[in-house]
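> The lines below spell out each chain.
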Amino acid sequence: MDKCHFVAQVNDYLDNQLAALAKARFEEHLKICPVCSGELERLSKLREQLKTWRIPEAGEGFESSVRNKIVAWELERGDEKMKIKPLVILVPAGVLVGVIIFLLVGQMYLKGGVLGKLRATEPIQLAKNVPAVQAPVKAVKSPLTTFEFAERVAVIGYSAGPVYKGYDSFSFAKMAGLSLGVQYPPQSEFFEEEYSRLYDNDFLLAKDNPLSTFSIDVDTASYSNVRRFLHNNQLPPRDAVRIEEMINYFTYDYPQPTGSDPFSINTEVAACPWNTAHKLVLIGLQGRKMEAQNLPPSNLVFLIDVSGSMQDYNKLPLLKPAFRLLVKQLRPQDKVSIVVYAESSGVVLDSVSGAEKDKIMQAIDGLTAGGSTAGAEGIDRAYEIAKKNFVKDGNNRVILATDGDFNVGITSESELLRLIEERRESGIFLTVLGFGMGNYKDAKMEKLADKGNGSIAYLDNLLEAKKVFATQLTGTLFTIAKDVKIQVEFNPAKVKAYRLIGYENRKLENKDFSDDKKDAGELGAGHTVTTLYEVVPSDSKEEFAKTDDLKYQQVTVTPSDELLTVKLRYKDPTADASKLLTRIINAKEETVQPSENFRFASGVAEFGLLLRNSQYKANASYQSVLERVKAAKGVDSDGYRADLIKLVEIAQMLDAESK
Amino acid sequence: MQDLRDEELMCQYQKGDMLAMGEIMRRYKNPVYNFIHRLSRNSEETEDLAQEVFLRVHQYRARYTPSGKFSTWIFSIAHNLFIDSIRKRYWLVLWPRKEDNPDDPVEFASPTPSAAEESERNDLAEIVKRCIQGLPFLQKEALILREYERMEYEEIAAILNKSLGTVKTLIHRARENLKNKLLPYAEEIKGGYHG
Numbered sequence: 001m002d003k004c005h006f007v008a009q010v011n012d013y014l015d016n017q018l019a020a021l022a023k024a025r026f027e028e029h030l031k032i033c034p035v036c037s038g039e040l041e042r043l044s045k046l047r048e049q050l051k052t053w054r055i056p057e058a059g060e061g062f063e064s065s066v067r068n069k070i071v072a073w074e075l076e077r078g079d080e081k082m083k084i085k086p087l088v089i090l091v092p093a094g095v096l097v098g099v100i101i102f103l104l105v106g107q108m109y110l111k112g113g114v115l116g117k118l119r120a121t122e123p124i125q126l127a128k129n130v131p132a133v134q135a136p137v138k139a140v141k142s143p144l145t146t147f148e149f150a151e152r153v154a155v156i157g158y159s160a161g162p163v164y165k166g167y168d169s170f171s172f173a174k175m176a177g178l179s180l181g182v183q184y185p186p187q188s189e190f191f192e193e194e195y196s197r198l199y200d201n202d203f204l205l206a207k208d209n210p211l212s213t214f215s216i217d218v219d220t221a222s223y224s225n226v227r228r229f230l231h232n233n234q235l236p237p238r239d240a241v242r243i244e245e246m247i248n249y250f251t252y253d254y255p256q257p258t259g260s261d262p263f264s265i266n267t268e269v270a271a272c273p274w275n276t277a278h279k280l281v282l283i284g285l286q287g288r289k290m291e292a293q294n295l296p297p298s299n300l301v302f303l304i305d306v307s308g309s310m311q312d313y314n315k316l317p318l319l320k321p322a323f324r325l326l327v328k329q330l331r332p333q334d335k336v337s338i339v340v341y342a343e344s345s346g347v348v349l350d351s352v353s354g355a356e357k358d359k360i361m362q363a364i365d366g367l368t369a370g371g372s373t374a375g376a377e378g379i380d381r382a383y384e385i386a387k388k389n390f391v392k393d394g395n396n397r398v399i400l401a402t403d404g405d406f407n408v409g410i411t412s413e414s415e416l417l418r419l420i421e422e423r424r425e426s427g428i429f430l431t432v433l434g435f436g437m438g439n440y441k442d443a444k445m446e447k448l449a450d451k452g453n454g455s456i457a458y459l460d461n462l463l464e465a466k467k468v469f470a471t472q473l474t475g476t477l478f479t480i481a482k483d484v485k486i487q488v489e490f491n492p493a494k495v496k497a498y499r500l501i502g503y504e505n506r507k508l509e510n511k512d513f514s515d516d517k518k519d520a521g522e523l524g525a526g527h528t529v530t531t532l533y534e535v536v537p538s539d540s541k542e543e544f545a546k547t548d549d550l551k552y553q554q555v556t557v558t559p560s561d562e563l564l565t566v567k568l569r570y571k572d573p574t575a576d577a578s579k580l581l582t583r584i585i586n587a588k589e590e591t592v593q594p595s596e597n598f599r600f601a602s603g604v605a606e607f608g609l610l611l612r613n614s615q616y617k618a619n620a621s622y623q624s625v626l627e628r629v630k631a632a633k634g635v636d637s638d639g640y641r642a643d644l645i646k647l648v649e650i651a652q653m654l655d656a657e658s659k
Numbered sequence: 001m002q003d004l005r006d007e008e009l010m011c012q013y014q015k016g017d018m019l020a021m022g023e024i025m026r027r028y029k030n031p032v033y034n035f036i037h038r039l040s041r042n043s044e045e046t047e048d049l050a051q052e053v054f055l056r057v058h059q060y061r062a063r064y065t066p067s068g069k070f071s072t073w074i075f076s077i078a079h080n081l082f083i084d085s086i087r088k089r090y091w092l093v094l095w096p097r098k099e100d101n102p103d104d105p106v107e108f109a110s111p112t113p114s115a116a117e118e119s120e121r122n123d124l125a126e127i128v129k130r131c132i133q134g135l136p137f138l139q140k141e142a143l144i145l146r147e148y149e150r151m152e153y154e155e156i157a158a159i160l161n162k163s164l165g166t167v168k169t170l171i172h173r174a175r176e177n178l179k180n181k182l183l184p185y186a187e188e189i190k191g192g193y194h195g
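Chains as they are written, first to last, in the numbering used here: chain A, 1 to 659; chain B, 1 to 195.
Chain A extracted, bound-state conformation:
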């Protein structure tokens, strides 16, 4: 075959590497050179051949696997940060000690080494040394924020063992160090989270609707969920924000009950912070605290979802240390069973004594996730076991741990609910623990807990697990009053209109209040429940929707200084008949110096109004929330209130960015 000098340019031509002029010249050359045109033809043919090798697309689970890897890495990084902490502290500390010794020895050497002299000069020298010896500490601090640094300092002496060991003595700062390091994967359209639509309660005229009735709610899941979104730098969807659950996430400092009733009722009236023309009324219940050793024996059935969807890092791997926290506190008289369910259900432990902690721990450690989810069969089996081991006058409870993704079997929500409702009659309570993020079926799980005479908590980190299983264990596990309903009667002489803040899906018909067949919320030992009403005084000029005057009945308003009457019905945990408590709030009780409880609860409520972008937010602002909750933070020994302040700050930034 003949050769041509230009044949090497065929590749350049093919790959569009020739400048315009060179390209034009080469095209001319191609017309007359059979060598080059032949090469071009061969290379073009080759290119066509190469196209036949096709690659399938990346697998369906590709993106979620990447997200899991990112979460795992962030978690691991959090752990590593913890591990290097002793080093971070010890090195500067060593340098510091070295500098002091060097200076002191130098001092002794220069001044003839007389100890007496040294003692006389010591305090002054130390004082002088202060700036010098602090320098290395500052050098460590500089790349960290103050908060991170505080966390790191707090972790001196923390062993590198698994996080759950020695948990009881942990302070919040350490736990926060674990939990805050985690960046959750984002919420995007392919994450199927379900929230029921939630409409704000409207203002109602006291004259037309003097009664307001609702069931208490001690659930706190919404707050954890809101926190999850904010930690992920996203404002939560408005329907995920349930203000009463946010308020009740926090414990308030109400007095313990003194009489025979299981709780105390506390009330307070002050100006409404986000609309000073209105009043805010606080109604706070404080459940009687019980020491763990005085609790009646427990018959606990852990019902654990081990389907494939539970294998994410924040599901089964978080569930294990969380349950270990609980198991640690069990007494010999307590009984534990474990039922797992995936495609089918199975009994892992059947009524093992709380004394056999190793056996229970081993069973928990051995759980692995895989397969699809047949929730209903598992629930059935768990209730069966609970019934079989029923302890009379004891605490009989099924603890369901799941991400709520029931995707096989009886998955219709109403059927599941009916199943749970049937079981409730047998005196077995239900606690629902929500794990995970992607398919967190919030709406379904809350209904399950409601129907099962129980509560729901959403666990997104060990700190939250500690709250549910350690700090408030007695409240989580022991119900002191069931079917707790509140009915407030407003006095039209003092109140023009009112609005219940939150409790949108807890409202009851007025007639349900005295109907003992109507189910309502449960109160755990030591739990507090706080409710806020925004009240418009009778002399207000504001207009509200009202019904037309009646033709045949006339409503007369009795002059009175009473603002409202709180009526409360509850049943003892095993009783069928309810008891009634009442408390009157006088208009004169209004205070200009509201308590810490009032200021903090109103701050949380205002935060909720902002997150929900409520039509009733009036002059609410993140700034005023921050000012109020910071001032009302109180002792905050567990750091939960400090955590809220951080969330408000994040939300404020996100909100400003979105505008």
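Bear in mind the hints are in silico, worked out from the structure with no lab data behind them. We put the beta carbon where it would ideally sit given N, CA and C, even for glycine. There may be inaccurate statements among the hints.
Partial list, derived from the structure: chain A residues whose beta carbon lies under 8 Å from chain B [as the list claims (entries may be wrong)]: (1) Y13; (2) L50; (3) W53; (4) E57; (5) I70; (6) L230; (7) N233; (8) L417; (9) R418; (10) E422; (11) K541.
Could you slot chain B onto chain A? The hints should help.
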């Protein structure tokens, strides 16, 4: 989000916007997966390595500077990761093989299918695959980036950390090798393989 350029998305991601990460992943998961799949002889590790690329994007996101093209950056990560994975497996073979130097005479590195075998298989895609996989590593990589990822020489040079001239030679050599092996086969399909 869809309207943003890759580089803008990456800046959002650096600021903590995880939705931007999602969009980047949607745009690049298949190109990156394809690239590694073609380089790798072991299809099982492909998915894992491709996922690892996005983990590294997350880990090193602060190091990305918007002055450079994002595609160059992510493919550099993929390239380095792949080299690392090979080194891990064959830790003794740390240096590029002799024939990977484009200035040296090129030999076909691995046994290529004999015509007899191929006529039995009679599957052009399979032959193309095996011929490409038989190329010296750098030739193979440069060719894949050019032919399948449609990249310009400059970008390939930046990803492989080679000069423009080297990249040009690598691609020419790769084509030369493939041409000799594949074109007769194409003629055989037409009905006249002699050889």
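> Going through the numbered hints above, which ones does this structure break? Give me the numbers in ascending order.
1, 6, 8, 9, 10, 11
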